[in-house]
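These protein sequence lines are chains A and B, in that order. Under our numbering, the letters of the first sequence match residues 1 to 640, in that order. Under our numbering, the letters of the second sequence match residues 1 to 257, in that order.
Among the hints, erroneous ones may be present.
[Claimed, not checked] Here are some chain A residues pointing at chain B (derived, C-beta under 10 Å):
hint : residue
1    : 2
2    : 4
3    : 26
4    : 209
5    : 213
6    : 217
7    : 228
8    : 234
9    : 235
10   : 239
11   : 535
12   : 541
Simulated from the structure, these hints should not be mistaken for laboratory data. Glycine included, C-beta positions come from ideal geometry on N, C-alpha and C.
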Amino acid sequence: MVREYLLYIKVGTESLRLAQAYVTPCFSVDQSFWQEREGCQLHVIGRSPSLVLAFSLRELVNAQLERRHAASKPLNEEGLAELRELAISRVRETSALYGREMAGRQPLQGQWFQWKQEDVSVALSRCNGSIENAEKGMGSLLEGRGLLWEEIETLMMKRAVACPDMTPILQRMVLAEKAEWRPGVRLLVKKSWWKHRLDLVCDRCGSQHENIELTVCHTCGQGCAYCTVCLGMGRSKCCTPYVLVPSRSPYAKGDGGAMRSQLCWTGSYSKDQAVAAEQARRYVANPRPGSREFLIWAVCGAGKTELLFPSVSECLAASGRVLIATPRKDVVLELAPRVQRVFPHASVIAIHGSSQQKWEDADITIATTHQVMRYYHRFPLVVLDEADAFPYHNNPMLYRAVSRAVQPGGKLLYLSATPPRYLQKRLVAKRRGGFKLDVGRSLPLLSSSTHVLLPGRYHGTALPVPKAVTIAGLHKRLKSNRPIAPLLELVRDSLQSERQLFLFVPRIDDVDKVLAYLTKFFPSDASLFAGVHAADSLREGKVVAFREKRYRVMVTTTILERGVTIARSDVAVIGAEVAVFDEASLVQIAGRVGRSVDDPAGTVLFLQADRSAAVRAAIGQIRRMNQLAEKLRSREEVQA
Amino acid sequence: MSRSICVACAGRIVLQSREASVRRLTNQLSSNRTRYPAMYRLISGLSLCASCLEKLPVIGAAICWQCGREQETEELCQDCHKLTEETLQSNRSLLRYNQWGKDLLSMYKYRGEERLAVLYAKLLAIAVLRYHQVTSFDCIAPVPLHDQRLQERGFNQVDLLAGRLGAEMGVPVRALLHRTKRTAKLSQQTGRSAREESMDGAFSWAGERLGQAKAGSYRILLLDDIYTTGSTLRSCARTIREHAGSLCDIYSVTIYR
Ligand SMILES: [Zn+2]
Ligand SMILES: [Zn+2]
Ligand SMILES: [Zn+2]
Ligand SMILES: [Zn+2]
């Protein structure tokens, strides 16, 4: 069964009303809807099996209507004929452009796009019909979500909601402006003086150009395209309706808020932590619209997660739900029980690709960033953890997803040890004048209305400053088993003094190379060495063994740059000049060392074949943080 | 997809580092000197990086000569022993169906990453070149999808492959069959015989006339993505035989076995 979409124009009886175009899969629903509300004229333009075509014509017609309105020309028979003509020529254009891009392939129905012009006008006078309530259940089910049609079906199935045909219900919601629906991938004709072309954009993830693939589609039988970027979350196509239902009302009413927001945490903050947590809470509590974003910049080992508790509690108390988004599934799994423990009266769910709770609702949702794509204007507070980590870094799609999950007027809280430059620029004010440093950068301010900076660790000891050593022909030495003195020294020391060592390498194949190298120089300790990388199926087991000290030296790619913390450990990067190690990644790696109170010091060694700007910047950043922490401490001493 | 990105792992393809793997695989797959250049061209044209090429679970030299399953010796396997009245001359597949293959195939078939058709068609071409005289087929017939499933999925994964493979081999593609039964997913069927039964009469003749064979019998190459129990392909072969008579020889090729 192929759906058909009808394009019509509604003209209100009051002459001031602007005429507007609508797309509907069930015209009768629209007719009865308008009849219940107002007297009006509906003029049908035409119909097509292509959702994307109907929508692109709607845009075109609406733009034209607005132009007429601006010139205060009324919409008469002549005007309608003109619009129908315009639609037909646009269909022809689109078909031709699509055919050009699909050179060599044949459409299923003889034409890439089918369009049936219709010359029907209906006059509706107002009547007081009863407005159906069927949409209520559907509305609350979909509230705050942005889903593809198939996903709605899944959601209803998981929640055991029976609904034989959701099309009319959804259409009523659209007309009442409680929901919006669009094609998953939208198509526009971009005109320029040298060449007209198709402009395709995935409405779900924002991808475009070479990431959208044109296809011969058997679902709609029309010219179609799908997005290759968000494929893992279901196929967003030109013919898949993408339904967005913003959540408007506060989520829970009554006095449940006080209960749910009850924080049961027995830990305690350091003085700096307390200040930072309070800053963030105040930002969340501030009812003034305006600043939508806030950054908690806390160095590795500052105890970031605990800083969130007051903010989360604040939001829950105001009857809001909270989303904590993080790039990695293991963080989601680790965070959920921890958060549940401190908020025992709130419901907490963990959402990731294979999560059973994917379609449930809760007070606190902890999700991987990809899953956040399925939310729309849902949360008054969204926390983005590790805002610098891999999937966000240079990925506008995930940023888009996260900021779309925030309710209008809601708050977005970034949490990072190494915030990317553009976030720093946007949210962190620079101290004017004063404290110029050797690197020529001034120190950032400790706090402002948009950020708070925690330069020191929980236990108050300075961050270990990495030592950079340039070794000519580093990689050749490694290959030919020639000694690299600083590396061998570090390994020997580590083995002798019962410490553990992370050795970071740039590429997967380097893992085995370095393991072979170490075995050559420390043959009797070979059983204490292990290596992991992203594609390693034994990865989890090896990390556990390393935690249990069965392995003493772990050779790894950047996958272990975050998360895994081991007391009494040192770190070395072999080939720190390679591009995979950028400033943020090197700071994170250095942050592995000295996190526990019993052993706050440790060695961080960057071995590079050439001098690298990233290495210098990372060391500069760590020094600046130490300096700032030092200043903070001396100020406190003076005050005391 | 850019030529320099691996379609399986999205890693970068470095041509030099891949060369050794390409040669090794070509040697393994081309039975003689004359096939080497064509095989080399196909393999080096795969958009896979060195490590994914190394990972390709290519079926070894000893196989069941009926169904193409990898085994110790070159004779009929246990399952094929039980078959009587076989209309399918033989099946050949290129790859073992391991986890890597499973993930990649589901990306193509269920997630709908149609761009993988380019890779899969090349892999099929490699299988055909490895086991057959490429020019000896009169047509390629893809295993059809039920209309309703086709409408849901939006594309027929086997059709896409057939089009590309046909172009690559210079052999016409014919839609000889219709799928009349909407069979349950493989995972929802229990046991071999149930599968065999459910496939019985699942296809009908699409009424396409076969052309005149050049010499002797008309050779048809049935195409599917995976040979699991073989019941789908056997059912297809029986339907073709019923309508096209005994003058046709029916072979099949699949990506996975
Ligand atoms: Zn997309
Ligand atoms: Zn379509
Ligand atoms: Zn690869
Ligand atoms: Zn066999």
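The hints, checked one at a time:
1. 2: Because about 8 Å separates residue 2 of chain A from the closest Cβ in chain B, which is inside the 10 Å limit, the hint holds.
2. 4: violated, 14 Å
3. 26: Violated. Min distance 19 Å.
4. 209: violated, 12 Å
5. 213: holds, 6 Å
6. 217: holds, 5 Å
7. 228: Holds, about 7 Å.
8. 234: Where the cut-off is 10 Å and the nearest Cβ of chain B is about 8 Å from residue 234 of chain A, the hint holds.
9. 235: holds, 4 Å
10. 239: holds, 8 Å
11. 535: Holds: closest Cβ of chain B sits about 8 Å from residue 535 of chain A, inside 10 Å.
12. 541: At 17 Å from the nearest chain B Cβ, residue 541 of chain A fails the 10 Å test, so the hint is violated.
When each numbered hint is compared with the structure, violations occur for hints 2, 3, 4 and 12.
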